[in-house]
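Based on the hints, put chain B in the right spot on chain A.
Protein sequence lines, in the order shown, are assigned to chains A and B.
Here the first sequence stands for residues 74 to 387, where the numbers follow the working numbering.
Here the second sequence stands for residues 3 to 510, where the numbers follow the working numbering.
Everything labelled a hint here was simulated from the structure, so no lab data went into it.
C-beta atoms are modelled at their ideal positions from N, C-alpha and C, and glycine is treated no differently.
Be aware that one or more of the hints could be misleading.
[Stated by the list, open to error] Here chain A is said to cover these stretches of chain B; the calculated rule only asks that three of the stretch's residues, wherever they fall, bring their Cβ under 8 Å from a Cβ of chain A:
id	region
1	37–50
2	194–200
3	229–237
4	245–255
5	389–400
6	408–416
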Amino acid sequence: MIRFILRRLLASIPVLLLVSLITFGLLWLVPGDPASMFLDAGATAEALDRVRREMGLDQPFLVRMAQWYGRVLQGDLGQSLLLNRSVAGAILERLPVTLSLTALAFVVSVMLGVAAGVLAAVRHGRLADQGMMTLALIGLSIPEFWLGLVLIWLIAVMVPIFPAGDYVAFATDPWQWAYHIALPTFSLACVQMGFVARMTRSSMLEVLGQDFIRTARAKGLPESYVVVRHGLHNAMVPIVTVMGIMVGALLGGAVVTEQVFSIPGLGRLIIGAVLSRDFPVIQGGLLFLALIYLAVNLAVDLLYAAIDPRVRLE
Amino acid sequence: MKLKFLHLALAAALAIGVAAPAAAQKKGGDVVVAITNAPPSLDPHATSAQAARHVNLHMFETLYARDEGAKPVPDLARSVAVSPDGLTYVFTLRSGVKFHNGKTMGPADVVASIERYRKGGASASLISAIDSVSASGPDQVTIKLKTVQSTFLGNLSSPRAPIAIMPAEEAAKEMGKASPIGTGPYKFVEYKPDSHVKLARFEDYVPNPAYKERDGFAGAKIAYLDTVTFRFIPEAGARDAATMTGQVQLNETSDEATAKRLKGNPNFTVMKALPYAVQVLKFNMAQGPGTDLNFRRAIAQAINAEEILGTAYPDLYLMDQSWVYPGSPYHTGRALLKQDVAAAKASLAKSSYKGEKLIFIIDNIRPNVDAATVFQQQVAAIGVNVELKVGDWPTISGIGLKSDQGWNFWTHGFGIEPYEGPASAMSHWVKGQGQRKDDPVIDELFAKLNGEMDVAVQKKLFADFENRMADQAIAINLGDYGLFQVVSNKLKNFKPYRITRMWGVWLE
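Extracted from the complex, chain B is given alone in its bound form:
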């Protein structure tokens, strides 16, 4: 009798345990998310700006998407069949997927979207290996590649400037002019520049049946909220005030002081999105002492990366110098940078540097300026004379993306590439894009990685890349930093990720 009672009690407990989370999930409510910048465009193909991803990935989906561990998995595709020669990919599409305009997604939409992206997408080079794309059946799309590309599915699922699937008639519009009509769990309501973008739950959305829960940018994207409003509040103090007065339920980027102040507050949870980006220190290898390996080595030996990150991001950094994030199968857990002032002075003495003033460009984001200031002091100790030149993003990127603008150092976040994996992390240094001068070894390693299907060999190639970056001091990876995010305790099941996902969350 006792045993039977115990069984009953266990069954009841199990039933409650299983049912509890389901009962807790509530449909309805309006959530306001404070973000720092307005998206420059709601045409997902047109921009790789972070602010655009935040909004667009709620409305648009891709054939393949990254899971929680950044691995490419099917999203709008049900499956893919790859030919033995690795050149042909046949995607079978999920059936019954609807666009926000009511139209059912079909192969023609997929073909038109991919063709549009190839011609003028913000990261068109991601799919430059495509030779042709065509509808090959009522629910099939065939993509033929010019050469084998091991990273093809990874590129196709990149969230950076997503290769979003849109109705063919929208894909026919010129770049930047497509209406925000996708297949995502939220649909567009209104965009008031300088104020907000408002989205509403797409009632006809069918979550991917292959999943039970959200999984990165893929999985079952269940929208519980009635509306989500992304409010653009560039002023940090105003963002914090709006959070504390309950006008916003999620502050995507808060500062350290506010995070500390709110830590014990029962109304909020302070979360860390860590790692969020690598703090990269670039040399201009096309001109000035940056062309000299001894000079670059002297700088790498002179700096104390932990002091730089500890000042710029107190309590919010990881001392990790791998070019992908911990958790990636390609993460090497590289040895840390080691400060050696005597060795730095010796390297500097061997270099062509003669005490001239060098220009360090930085955008006016406070942690970047802090990092540059500490760097300036550290290299001054070995006799390197650095002047900081601070400007807004259009000014600094306009200088840093060219080699002849008189800059020597540049630091900024390198966020999405390490998340996407080795090919993306390497691609920035291919053909001298990041360092402004070709490095044939890196170019060769990248080409090999692209054609290599064996993961073990890929890992070896990526480790060789990291060694090359460190040995030649092509750029300095100072470590990873994160974001403080402040979440109202009324908003349930939120988890920091590369964007603020508003699917799978609900209001209490």
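In isolation and in its complexed conformation, chain A is listed as follows:
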């Protein structure tokens, strides 16, 4: 197991290098730089050049890239050009916001998605199955930003049950945190809920048709026990695989959700950095997201072994 983890950690180094190289390449291709954020439309080209010099943006791209890698190797993601703080500081400030939103959306989508998928599989071909799968398809088809805006309009403006954004930190007031994060969570979870429900249904249908399920039923075990203990337990491997992909999708979706609901998280930080060309924040933020993604995938691989003893990590 330790050898497996070490091997995976070593394998993640070229992935991170590739991510940072691609990001650098894209930033090199995209025109514009953060100096223009300091100036209005009436500014002169000379003023723009002066601000660029002050920000160190007049140096050749390859020099800046070499400096960045040099700093990263020493564990320093650099300084934001616009936020007046370190990139690591800016990321760590927002990380709890994004992680709490993503984790909550993950829990909601897995719990409701698995429940809906199991119900659909058990009631295969009946009205409940068709109803659940129609809902799952709708959930899968709705873009997060559109759902977010509709939810704001319906449940925050027309019938003011939940607030339209205005994030409150968990440490400040847990109740207010839950109240303020409910709509964004639902908006973010909806697509994944549909995804999980469909995966669960198809995996469960496959497992429920197996001989050992018939044997379990023949032994006279209660149906709920057969479905949950024997059916769901064995159907979990493909679902856990989906969960790994889901975390990545949720992190990506959080970028949009945070923008729609004005939540000051990692996604909004990166979008703001992209729009203002705050290069160190874009680089650092994407590297950090890649790290999270790799960690989640490693955790998923470890979970396989926990769920299915036949899986050998070595």
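Just chain B, lined up with the frame of chain A:
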């Protein structure tokens, strides 16, 4: 008896009338203002970005500031004495003015702040005429100019990238690193990038005793609110939702559809900040057909400015082609642009344009894209082939501020310069900055205006500038546009201005 009773009644009525507004003003409360962008810096010298002005001018003040009519008037200065040769300005400072860190403002702070701005301020050219600045007494600062500059006090009071006075120890810090410690009516509490800037009333603030009320960026800046939070909400729908659910009390920029929807709503007032900016259409005069006067004239004759503004800013525009706003003493009320398609075709035939594709750059703000789209159709009618290139602000400004990036047209708002007055409005076209090619006549007019102290002559020079801009079609002034601002009816005495002033307003 009856007369005496009438006198008493009148006296009582007067007393109530006078007392009523005072009684209505309440201290306390928290206001949230929704703004579209985060300020790139809270160091007021470092940036001329509009988002920074909104916040910084609540915390910082300048020696001179613009009044409601944009005229420079004393703010942190009590008065100024100008030498007969116009080269020496002796400012007497207001006494007892405190910084947010508790320190009393003195001449050393003023000298350090101005010196810092001269070296690296975002609009350092505003005070490039300064030869020296020194403390000349316990409450005096003397500024010596290299040459006479009629616009010096106007430049010193520019709100664009304000020449803010900060403690000398902050002014010693490198550009962009000064802490937000000023003398303004609100002091800094916290800045959460991507979220908000929070300010709190500065309890030791002493409003300028020369005034009774707020007056532009000057006057008696009385802070009634406990806190003001500027929340950055780039998404228009989210800004509207936050306003309607009461999470924000002022939406600085709303769209036309929301403004219409909320017009009859008893909880909100929809206000127009009009004029807010000139919609300017620039030619790249350094390359392509923009170098050709006949081509530029053909474009000016081909367009219907009212159709462009009416599409981009329905119910929110003024057909006015002066380069300063109505109300300015320099406003000429110029004749409107007149569409003449036949004349445009004739001018185009005389030009060097041969039907090649031309690039129109625009940032992705919807009204700018709408304006460019209507323009594209109008000039297509005379045979000009235009392709729109839409990008975000860093991309487009990076292209438009250089002459060799392959662009031919660019449209954007030109907001603060017409507000500041003729010198500021002209300066953008001096040395070919805006049009990318020098125009010696404009350069000469600008130099003359700077050295001219007689207002009547200044007006004549400015009118000559406007004529030159139109005659040579250096850039096209399409007219003025505004902003819709949505204000909660709980927020009292708010008045649209160049920034969302949160002094002189209170919560009911």
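Three-residue Cβ test at 8 Å for the coverage of the region 389–400 of chain B by chain A
holds (count 8)
Can the region 408–416 of chain B be counted as covered by chain A under the rule of three residues or more with Cβ-Cβ separation shorter than 8 Å?
Since three or more residues must qualify, the claim that chain A covers the region 408–416 of chain B holds, with 3 doing so at under 8 Å.
Verdict on chain A covering the region 194–200 of chain B, criterion of 3 CB contacts below 8 Å
With 4 residues close enough to chain A, the hint holds.
Using C-beta distances, would you say chain A covers the region 229–237 of chain B, given that this needs three or more residues below 8 Å?
With 5 residues close enough to chain A, the hint holds.
Are three or more residues of the region 37–50 of chain B within 8 Å, CB to CB, of chain A?
That given contact holds, which follows from 7 residues of the region 37–50 of chain B lying within Cβ reach (below 8 Å) of chain A.
Taking a Cβ-to-Cβ distance below 8 Å as contact, does the region 245–255 of chain B have at least three residues touching chain A?
Since three or more residues must qualify, the claim that chain A covers the region 245–255 of chain B holds, with 3 doing so at under 8 Å.
Consistency with the previously given hints is maintained throughout, with no hint failing.
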